[in-house]
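Residues per chain, in single letters:
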Amino acid sequence: MTQEELTTLEVNKSVDARGTSCPRPLLAAKKAMGEINSGEILEVLSADEGTKKDIPKWATKKKHEYLGTVEESGFFKIYIKKG
Amino acid sequence: MEENKKMCMVLFSGSIDKLTAAGVLLSGAVADDMDVDIYVLLQGARAFRKDIADDPDKLNMAENIDLKEEFVKSLQNLKVKTWLEFFKEAKSLANVKIHICGLAGKVWGADKLDDFVDIADDIVGIGECITATQESDVHLFI
Chain A
109 MTQEELTTLE VNKSVDARGT SCPRPLLAAK KAMGEINSGE ILEVLSADEG
159 TKKDIPKWAT KKKHEYLGTV EESGFFKIYI KKG
Chain B
63 MEENKKMCMV LFSGSIDKLT AAGVLLSGAV ADDMDVDIYV LLQGARAFRK
113 DIADDPDKLN MAENIDLKEE FVKSLQNLKV KTWLEFFKEA KSLANVKIHI
163 CGLAGKVWGA DKLDDFVDIA DDIVGIGECI TATQESDVHL FI
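Heads up: the protein sequence lines correspond to chains A and B, in order. So for the first sequence, this note's numbering puts the first residue at 109; every next one is plus one. So for the second sequence, this note's numbering puts the first residue at 63; every next one is plus one.
This is chain B alone, in the form it adopts within the complex:
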């Protein structure tokens, strides 16, 4: 049987617009039967905190900051899933692993796996991230 292609996504951003884009890209990879490793770095780790992840009021936009309300409302009108729902669905459909950078967690006062949403698989060091990018067929930095 042919081995699945691998995607490595380095998710630095914790902004609601880039997280949503990451969720859409992740869905495409899953539809394509790719195995995906996501390494969540600095700002991204904050967004994955349990008390922040599903609260759009606690996440900013990376661009067009003043259009956040319009952006969120438009996604709702279009029945587009939230970034977190995209990630949860992807995990339920394919081999998707979410790794939180240990340093990033500490920066945001979250150093235990339990501090993050339950889709996070583990807390890792940067070496694993570099190895995964070397071994992947596609790598993205968001």
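Extracted from the complex, chain A is given alone in its bound form:
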């Protein structure tokens, strides 16, 4: 998805994991994914650099669809569609 598409996405759940370090954002994403339905979209906010690669890889491995990442000032937003 393009950055513009990502920024206008309607998300079903958002998790703010800023201020935490690995593995907290990953576990927060896992927990949140258990609370949404297949086809719904999860947004994860994080400032942990390792998470930027970690969550997309985890999502793909778990048969979810990684939609993309949007950089913000001092943090980023990761978008995943539940498989």
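Think of the hints as simulated: they come from the structure by calculation, not from any bench. For every residue, glycine included, the Cβ atom is placed at its ideal position computed from N, Cα and C. Heads up, some of the hints might be wrong.
As the list claims (entries may be wrong) - Selected chain B positions facing chain A (in silico; Cβ < 10 Å):
{"no.": "1", "residue": "G85"}
{"no.": "2", "residue": "L87"}
{"no.": "3", "residue": "G90"}
{"no.": "4", "residue": "K141"}
{"no.": "5", "residue": "L146"}
{"no.": "6", "residue": "F148"}
We have chain A; now place chain B onto it with these hints.
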């Protein structure tokens, strides 16, 4: 339904830095929906004692011993969970079993399950540990 992958962690170390690393690895395994068996051996069993587990003053570092204060403070500043909190959370999220080596318990004057933190599931012999490592997809020695 696909069966979960299995991890077997042999936790020999009772040092605060290695326990923290074990907690991080455990969290990753849980995020990956793995079933985890942890076998707690010698030094590890001491750390799991009820009167020691959540007291950083009673746990040493495996490396850079003189940097313990800096290490603990830095983890707190980063809002990283303690090693025990990592283990507790992992147990609440997935099929994680913690087995204490019977010999190790005796070495540290703790031979009953009640002597250990309540996340310990049982006290076992080494045969079970060997079988679990043979049957696991991933095994770690820490």
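Evaluation of the provided hints:
1. G85: holds, 9 Å
2. L87: holds, 9 Å
3. G90: holds, 6 Å
4. K141: Because about 6 Å separates K141/B from the closest Cβ in chain A, which is inside the 10 Å limit, the hint holds.
5. L146: Result: violated, 15 Å to nearest chain A Cβ.
6. F148: F148/B check passes; min Cβ-Cβ to chain A is 8 Å, inside 10 Å.
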